[in-house]
Amino acid sequence: SQQGEEDPQALSIQEGENATMNCSYKTSINNLQWYRQNSGRGLVHLILIRSNEREKHSGRLRVTLDTSKKSSSMLITASRAADTASYFCATDLYNFNKFYFGSGTKLNVKP
Amino acid sequence: DTAVSQTPKYLVTQMGNDKSIKCEQNLGHDTMYWYKQDSKKFLKIMFSYNNKELIINETVPNRFSPKSPDKAHLNLHINSLELGDSAVYFCASSQLGLANTGELFFGEGSRLTVL
Chain A
1 SQQGEEDPQA
11 LSIQEGENAT
21 MNCSYKTSIN
31 NLQWYRQNSG
41 RGLVHLILIR
51 SNEREKHSGR
61 LRVTLDTSKK
71 SSSMLITASR
81 AADTASYFCA
91 TDLYNFNKFY
101 FGSGTKLNVK
111 P
Chain B
112 DTAVSQTPKY
122 LVTQMGNDKS
132 IKCEQNLGHD
142 TMYWYKQDSK
152 KFLKIMFSYN
162 NKELIINETV
172 PNRFSPKSPD
182 KAHLNLHINS
192 LELGDSAVYF
202 CASSQLGLAN
212 TGELFFGEGS
222 RLTVL
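In order, the protein sequence lines correspond to chains A and B.
In terms of our numbering, the first sequence has 69 at position 69, counting the first letter as 1, and numbering is strictly consecutive.
Just add 111 to the spot in the second sequence (first one is 1) and you have our numbering.
No lab work stands behind these hints: they were computed from the structure.
Treat the hints loosely; a few may be bogus.
[Claimed, not checked] With a cut-off of at most 16 Å between alpha-carbon atoms, the simulated EDC-like pairs for lysine to aspartate or glutamate come out as follows:
| hint | chain 1 | residue 1 | chain 2 | residue 2 |
| --- | --- | --- | --- | --- |
| 1 | A | K98 | B | E214 |
| 2 | A | K110 | A | E5 |
| 3 | B | K182 | B | E135 |
| 4 | A | K98 | B | E164 |
| 5 | B | K155 | A | E15 |
| 6 | B | K152 | A | E5 |
| 7 | A | K98 | B | E169 |
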């Protein structure tokens, strides 16, 4: 299937450390997005990277995209306890406007 | 102002019942979605409407019937509820097209528990 798959499923780090999570997908995409979900809440958009881009930054987020490997990674630098959440990547099929998600990476940042 | 709002937030019901979840967005977006998040947090697209027209139906049982009275509203009606329908249902909206990124705006979710 097309959905993005995040790796690792769970990640536990200390405050101040960097967190890296990965996303793999199966077919050509138009763009790839990362979302955050706090426990019991809806998803919130973090960053989008288009298929012709290789790297994108937003605040403490750094996202890379390798279309030849069909993978993306998101780095959160200098993590904070408030970054504790689940993070999802979403891919969309070119021209189909469908957004596919995986089951996310659950990040726990210990104070 | 809540951009995408869903009601109810919690729904507990018996097997076999029929229930509805409502969604409204005030962002002026043309496209709305229903997603289902299971107990393992996997988020699966169910339906999408663009300007009141169904554009995506992801092989969802016909017990699920979406309805879009106008482009700001997308409701989900579920007939003959089954245990496996227990999940969190998310409504989302986006503004698609060449000039837009298609960023999704999600509601807070409706947790359905079927007993």
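query = Going through the earlier hints one by one, which of them does the structure break, listed in rising order?
reply = 2, 5
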